[in-house]
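Novice: Sequence:
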Amino acid sequence: SVGWKSTPCISVGIFAILIGVMGSSKTGRQRGGGGGYTLGELLVVLGILMILILIVLALGINWKRQTDRGNDTRRKSDLTLIRNAFEEYYNDHDCYPPATILSNCGSADLAPYLAAIPCDPVTGLPYKYVPADDTNLCKGYRVLTTLYDTSDQAITNLGCNPITGCGWGAGYNWGVSQGVAVAKDGF
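Residue 1 is where the sequence shown starts when you use our numbering, and the numbers rise one by one after that.
Hints in this document: simulated from the structure, not taken from any laboratory.
Worth double-checking, as some hints may not be accurate.
Computed list of lysine-lysine pairs in BS3-like fashion (alpha-carbon distance at most 27 Å, straight line) [to be verified]:
no.	residue 1	residue 2
1	K128	K76
2	K139	K64
3	K76	K139
Derived Cβ-Cβ restraints for the label pairs, each shown as a range [stated by the list, open to error]:
no.	residue 1	residue 2	range
4	G70	G36	28 to 36 Å
5	T164	I61	41 to 49 Å
6	K139	G159	32 to 40 Å
7	A58	C105	48 to 56 Å
8	L43	P121	41 to 49 Å
9	P112	L54	23 to 31 Å
10	I51	T73	31 to 39 Å
11	L46	Q66	29 to 37 Å
12	S107	N157	27 to 35 Å
13	S77	T38	31 to 39 Å
14	Q66	D92	37 to 45 Å
15	F187	T80	40 to 48 Å
The beta carbon of each residue, even a glycine, is placed where N, CA and C say it ideally should be.
Sequences are here, hints too, so could you generate the full structure?
Specialist: In C-alpha cells, the structure reads:
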C-alpha cells in the first residue's frame, strides 16, 4: 500500500523531488561548462515555493478569523455570566445593579454573584451597561459588546448592524438584555 494519505510519506516524497530537481545533472552541466541550474529546475522550485507560500497565507488568514471567533465566543460567554449575575442580584435586591457596576474590570464588585467582573478579552475594556431607564434601574438593562466576526448571524438576529452596532455607541453590535430589546428603539 502506497502511503499517499500519510504526511510523512508526502514530506519524504517532496524532499526526494526537491533533491532530484536540485541535484546535479552531470551530463547537462558538463556540456555547457556552467555550474548553474536549468530554467526548468528553477521554475519547478519557484512553483513549489509559491504553493507553500499560498498555503501559509491561507492558514494565516484563517487563523485570524478563528482567533476572532474564539474571542467572540468568550465575549458572549462573559455577557451570559453578567446576565446571570444581574438576575441573581435582582432576585435579592428587587432591582438591577448601579449603572457603573461594570466599569471596574476584574473587581469583585458583583460578589457573591460574580467572582470577578469580566472585561473584553482583546481590549481589556469593560462591557457597556445600559439601564432600560436612567431613573429606574429596576425596569431592565442591556449589556453590550463588539463582536469582531461581523458575519455572525447572531448580530442581525438581535436587530443590530454588524458595523454600526445596536444604537448604543459605535461598534457595540451584540448584547444581552432583560425587560427591553438589545437594539435601540427605531434603530
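Novice: Which of the listed hints are broken here?
Specialist: 2, 4, 5, 6, 7, 9, 13 and 15
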